[in-house]
Amino acid sequence: MIREAAWDLRCGRTTSLALTAAALGRIARLDDSLRTFITVVAEPALERARQADAELAGGHDRGPLHGIPVSVKDLIAIRGVLTTGGSPLCRDRVPEGSAGVVERLEEAGAVIVGKNNLHELAYGVTSANPHFGSVVNPWNFEHSPGGSSGGSAAAVAAGLVYGAIGTDTGGSIRIPAAFCGVVGLKPTYGRVSRRGVLPLAYTLDHVGPLAATVRDAALLLSAMAGHDPADPSSSRRPVGDIIPAENCSISGLRIGVPENFFFDRLDRHVDGVVRQALAHAQSLGAQLKPIRVPDMAAINVVARLIQLAEAAAALAPLLDRRSEIGADVRALIDQGRLVAATDYIDAQRLRRRYQAEFSLLWREVDCLATPTTPMPAPERNRNSVLLGGDEEDARLAATRLVRGINLLGLPAISLPCGLSNAGLPVGLQIVGPAFSEATVLLAAAALEDSGVGIPECPAHEK
Amino acid sequence: MTKHWQAIAQAQGIEIPAAEWDRIAPPLDAVERAFRQLTAGLPSGLEPALGFSAEEGSE
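These protein sequence lines are chains A and B, in that order.
Residue numbering for the first sequence follows this note's numbering, beginning at -6 and increasing consecutively.
Residue numbering for the second sequence follows this note's numbering, beginning at 139 and increasing consecutively.
FYI, nobody ran anything at the bench for these hints, they're computed from the structure.
Just so it is clear, the structure is predicted and the values come from calculations on it, not from any experiment.
By construction, the Cβ of each residue, glycine as well, lies at the ideal position given by its N, Cα and C atoms.
Hints may be right or wrong, so weigh each one.
Covered by chain A, per the in silico footprint, the following chain B stretches (three or more residues, Cβ under 8 Å) [as the list claims (entries may be wrong)]: (1) 144 to 153; (2) 156 to 167; (3) 174 to 188.
Just the calculated beta-carbon pair ranges, DEER-fashion [said to hold, decoys possible]: (4) B:Glu158 to A:Pro231: 45 to 51 Å; (5) A:Pro222 to B:Pro186: 20 to 26 Å; (6) B:Ala168 to A:Asp313: 26 to 32 Å; (7) A:Gln280 to B:Arg161: 35 to 41 Å.
With the Cβ distance kept under 10 Å, some of the chain B side facing chain A (calculated, not the full set) [what the hints assert, rightly or not]: (8) Thr140; (9) Lys141; (10) Glu170.
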């Protein structure tokens, strides 16, 4: 974990060079099977680690990420490093500048060891990349890691890195976090710069951290967040102190438990594990308040339509070489090209309506708690899942409880809250009002501190 | 009412190989059906949630 490693660094029990060499060693040993990296930047990482050690020795301490090995999803630019977006169409793309988040992480002293594999062009939730290999779930190689930030989540779960950066357009941080048993945080829209990140859907894309613990995710977000004048959607709101205190409490916190939508058609183990976590929150003094939420099925439809149209605008130029795009992604781009402009505008009008409806919830509760996904990680290459007695498209099922939150731009965290009977992680999603990252993180940290969580992933022992 | 997606594509000069329509039309039909119900009766005064500021870049 980041905090322990940071402490060991300052006590002289380890060095950034040792941490980085160990991370690179694990990647070399395990990643042929896990497929979590597209590019590993071993020499630059080791050089940066040496610098980090020299700085610490000289009294220059950049903070808790100083000297810590991390990775970024391979659609986030690093100057001089190949950035493929998981597509052969970008196989030669070497950016001249780094993304805003990379600049911030480097300023904070983090050591970036490589670029994580992802669903092609971040447009899908399986991370079965036909060009760079299919990421596998470290808990069970036969199961999906989720996506599109599957490489980032699996790398953290397997202990290859201390934290990773992903993106989330319709659940792409929270789904793999839930499936791989790590913490994933989608911040408020505008909280983290999107500059230098390959776009999928301009008004739905979010950049955020994945980590082993809630406080590690908070440390990463704290370093990444803040205004970037070069990103038109970047917020000027001050970030403030978002890192949960050691003895944080949720006593009196009003946690909304949706009566509609979010607990419909769940795998029964997911339902049981999540409700157990909620009962635990109540035992810690939180007020569980049953609440009806706006029409999330409609919100999902609107989000899908906007994503189709915006992704087509962003990616259609790639169709000049359509045979080099995977069939699933190509079909989604083509679907988006056929969305009428008036429908896109109407979708954005409906978005404003739903945003207003949803904002009324925050008068009654401080946050919402829901499952992250209706089921644990399905088997790879499985197109449908059985939920509530009905067969459901696996991609739509995976995004069902998370996609709408992107439309609303709200902060949402997924933390592991237990294992299914098959030994696969289950995620608990906590959603808060815009720019309430501190509340969402506090609620998650208090639960984690009190024992809500899962054992270490078996891949750690390898 | 479903849309004739292939005709729309043709009218817009969008070329999609015939074999690929099975992956395109059914999902679009589903989105279209669900979305059309939501747009009925939208008041014209409801503005889209899109950001544009004339002041942008003037700082």
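Hint check:
By the rule of at least three residues with a Cβ nearer than 8 Å to a Cβ of chain A, the coverage given for the region 144 to 153 of chain B holds, with 4 such residues. Figure legend: the region 156 to 167 of chain B, annotated as covered by chain A; annotation consistent (5 residues with Cβ-Cβ distances under 8 Å, at least 3 required). Counting residues of the region 174 to 188 of chain B whose CB lies closer than 8 Å to any CB of chain A gives 8, which reaches the minimum of 3, so the coverage claim holds. Between glutamate 158 (chain B) and proline 231 (chain A) the beta carbons are some 48 Å apart, a value that agrees with the proposed interval 45 to 51 Å.
As the Cβ distance of proline 222 (chain A) to proline 186 (chain B) is approximately 24 Å, the hint placing it in 20 to 26 Å holds. For the pair alanine 168 (chain B) and aspartate 313 (chain A), the supplied restraint of 26 to 32 Å holds, since their beta-carbon distance comes to about 28 Å. For glutamine 280 (chain A) paired with arginine 161 (chain B), a C-beta distance near 47 Å fails the hint of 35 to 41 Å. Checking threonine 140 (chain B) against chain A: minimum C-beta separation of about 12 Å lies over 10 Å; hint violated.
Checking lysine 141 (chain B) against chain A by beta carbon gives a least distance of about 8 Å; that is within 10 Å, so the hint holds. At a threshold of 10 Å, the smallest CB-CB gap from glutamate 170 (chain B) to chain A is about 8 Å, leaving the interface hint in force.
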